[in-house]
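J.: What follows is the residue order along each chain.
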Amino acid sequence: MANLYNTDLGGNSRKAKPSSLFGTRQLKFIGISLYDYDLYTDSPTEDHQATTSYLDSNSLYSKIVTAIQEVSEIYFLGAPNEIDRHGFIFAVAADTGQWQYSEQGDIDYNENGVDETDDVYPSRYQNSGYSAVNDLVDRLWNLFFKGDQNGNSFEEREDVYSIDDFDLRELEDCGFGIMPGRFLY
Amino acid sequence: MPTNSAGRNHKRTKESSLFGTRKLAFYTVTADPEYGMIGNVQQGYSFRVSTITGLVTFDADITSKSIGDMDLEFEGQNGDELDDDSYTLELPFDINFLGGDDTSTIYINSNSGISFYNDSTDREGPNDPSTGEPQIFIANNDANLQFLYTDDSVTGEYRVKFRGNTNYDNDTVVNLVWEALFREGEDYIDFLVTAQPTDWNAYDDPEGDVTWGVTDGNNWVDGRTLEERGTSFAPFTVVSDENWAQPNSIYYQVVQAIQNAGAEIYWLGTPHNASEPFTVDWSGLTFADNGDSFTFAIADDASNPVATLDEVQTYTAVSTATIVGPNWVEFNGLPTSGGFGSNGIFIGQPVVFSGTVFGGLVAGRKYYVADYTTYDSGNKFAITVSETVNPEVLDITYPAGVGGDPGLEFVPTVDTGSMTATFYNYEIEWGGTAGDTASSCCYNLTAPGIVPQRFIYAVNQSGAFGNNEYGLWWIDRANPSYGIFPAWWTSGFDINEP
Numbered sequence: 197m198a199n200l201y202n203t204d205l206g207g208n209s210r211k212a213k214p215s216s217l218f219g220t221r222q223l224k225f226i227g228i229s230l231y232d233y234d235l236y237t238d239s240p241t242e243d244h245q246a247t248t249s250y251l252d253s254n255s256l257y258s259k260i261v262t263a264i265q266e267v268s269e270i271y272f273l274g275a276p277n278e279i280d281r282h283g284f285i286f287a288v289a290a291d292t293g294q295w296q297y298s299e300q301g302d303i304d305y306n307e308n309g310v311d312e313t314d315d316v317y318p319s320r321y322q323n324s325g326y327s328a329v330n331d332l333v334d335r336l337w338n339l340f341f342k343g344d345q346n347g348n349s350f351e352e353r354e355d356v357y358s359i360d361d362f363d364l365r366e367l368e369d370c371g372f373g374i375m376p377g378r379f380l381y
Numbered sequence: 009m010p011t012n013s014a015g016r017n018h019k020r021t022k023e024s025s026l027f028g029t030r031k032l033a034f035y036t037v038t039a040d041p042e043y044g045m046i047g048n049v050q051q052g053y054s055f056r057v058s059t060i061t062g063l064v065t066f067d068a069d070i071t072s073k074s075i076g077d078m079d080l081e082f083e084g085q086n087g088d089e090l091d092d093d094s095y096t097l098e099l100p101f102d103i104n105f106l107g108g109d110d111t112s113t114i115y116i117n118s119n120s121g122i123s124f125y126n127d128s129t130d131r132e133g134p135n136d137p138s139t140g141e142p143q144i145f146i147a148n149n150d151a152n153l154q155f156l157y158t159d160d161s162v163t164g165e166y167r168v169k170f171r172g173n174t175n176y177d178n179d180t181v182v183n184l185v186w187e188a189l190f191r192e193g194e195d196y197i198d199f200l201v202t203a204q205p206t207d208w209n210a211y212d213d214p215e216g217d218v219t220w221g222v223t224d225g226n227n228w229v230d231g232r233t234l235e236e237r238g239t240s241f242a243p244f245t246v247v248s249d250e251n252w253a254q255p256n257s258i259y260y261q262v263v264q265a266i267q268n269a270g271a272e273i274y275w276l277g278t279p280h281n282a283s284e285p286f287t288v289d290w291s292g293l294t295f296a297d298n299g300d301s302f303t304f305a306i307a308d309d310a311s312n313p314v315a316t317l318d319e320v321q322t323y324t325a326v327s328t329a330t331i332v333g334p335n336w337v338e339f340n341g342l343p344t345s346g347g348f349g350s351n352g353i354f355i356g357q358p359v360v361f362s363g364t365v366f367g368g369l370v371a372g373r374k375y376y377v378a379d380y381t382t383y384d385s386g387n388k389f390a391i392t393v394s395e396t397v398n399p400e401v402l403d404i405t406y407p408a409g410v411g412g413d414p415g416l417e418f419v420p421t422v423d424t425g426s427m428t429a430t431f432y433n434y435e436i437e438w439g440g441t442a443g444d445t446a447s448s449c450c451y452n453l454t455a456p457g458i459v460p461q462r463f464i465y466a467v468n469q470s471g472a473f474g475n476n477e478y479g480l481w482w483i484d485r486a487n488p489s490y491g492i493f494p495a496w497w498t499s500g501f502d503i504n505e506p
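Residue numbers (the working numbering), protein chains in the order written: chain A, 197 to 381; chain B, 9 to 506.
Just chain A, with the same shape it has in the complex:
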């Protein structure tokens, strides 16, 4: 058979299509940002002269990564750095972590840190004012602040960070890089 590759008939094979399936999985890029914690030096923001590091054992960065891995398959992991000390980006397989976008909803945790309605996602987050990522948000809330969004802590433990505000954003491919886009939480 004649080689048709370089003819008009072969045109469909000479296309490029955006993808993240080159030997891996479809990826979703996400940025996490904390407001009051310097992940780079693994210390509260106000402690400017901290000598600790995100590379230290049991740094909050390492705990966040562990929390993410409990619910998602990480394929790329960035690190806090001089430019962005309060956050980092990561990519997970898009079909892990139960990625769904909710309508707005109230997250109403009971004394055990469990949604009062005991509903499964996404109804539990309805009318909260947040788009939410089900399992990941659960894990991060549990890590940052074992309690509810009103500041009530429900459980005594040594490693409570009392971090009650953080952002999760889905990164958006903008051509000249990938920018933090819409809020996941």
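Derived CB-CB ranges, DEER-like:
1) B:A408 <-> A:E266: 36 to 42 angstroms
2) A:S358 <-> B:T396: 29 to 35 angstroms
3) B:G363 <-> A:S253: 40 to 46 angstroms
Calculated from the structure, these hints are not laboratory results. Backbone N, C-alpha and C define an ideal beta-carbon position, used for all residues, glycine too.
Given chain A, work out where chain B should sit, using these hints.
T.: Positioned in the frame of chain A, the structure of chain B alone reads:
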């Protein structure tokens, strides 16, 4: 065995992209739009709305106008955008709409569209057209308005440009752009939609609740049914008049050239124009250029970087912590050489003091520039230094001794004298498939500009950009920080205050 701190070493985390794949390195390809790497993405679709009947006809007499030639009426991102709100504009002449009184006032609905005679934040017009104001909906749903421009430089014309996002929750990226052109004395308004997502997931509301239509405040003027209104004039296929998906496109050729150069691509992004529609404005981060660009990631095989001394500069320090303040080492003039940077001194580069060293500094020890400023009305410079440096910056590692991210600032004593400070600049080559190189003469080492020389050579040889007859095209390594973009792009702003 006790469960004490002996096991802590394995409880560390280090950045990586080796989870089931390989370490990834990201790059951006950017080209002058004249090359047409994307195509006619900005043509979009146009339509004309009759101010007498409200009926719509397509292919209006309107072309896009650059925002650089218009007046900025409103800007707001990162929480300052308009959400479920409206913005009032005054035209330089009167109009009337659907038989109403003459008026010079119009209202821009942040959910996208224009209302007349009263402001409106409607986004459920088709569900309840019996109330509300006469208005025109354009891809209306729970959107936001991030930038609003106007222009009355042409006599008898008034132009409005709306730039926002189809999801109110995305307050950093523009993906919905349209213009409206009013002409004095004419009974129509022309619209041009230059950016509009083709993916329904980019809208906050589901497909059936995204609205195009014209209402007189009581009914839809075209008599369409509720089910039809969401798509009454939404020619999506016209929006994407882009050629990058075509066979043998420049995009395809560049990707193929990179693969032919031996790169294993693990992620490939979509070509966009960097300024329109996807102008991204995160605090001080605004890419002023308008290049067509896309991002890709490869398996990163750059390793064992080699540094070559490129330049040595010497200056005379005359005091420490005396004039500018604590920590500063003060010099008797300005840098006179050093790359094409603004000062020739770069954060993170090595500096060695010699001669009669004072201020508690140690002669011959390698310090690293931690900060830079000028004093004496900008006629002299000063630096702070650190005794330590982290050679790992973003996702690259500098060779030993070259510098990097400086540690805590050294605190010198208050002193004066005369000592020589020798600054070292290096060329660095990481090699690997991409052929990454950088020059510390030209960038702060905390935000390096890294150029993949081999990719550039391969793309150039491929002929993807012809004989380079138009403007620039180039490839940069893009490092992960708050997002993934060339490090030098992020160096001029502080995003540590979310």
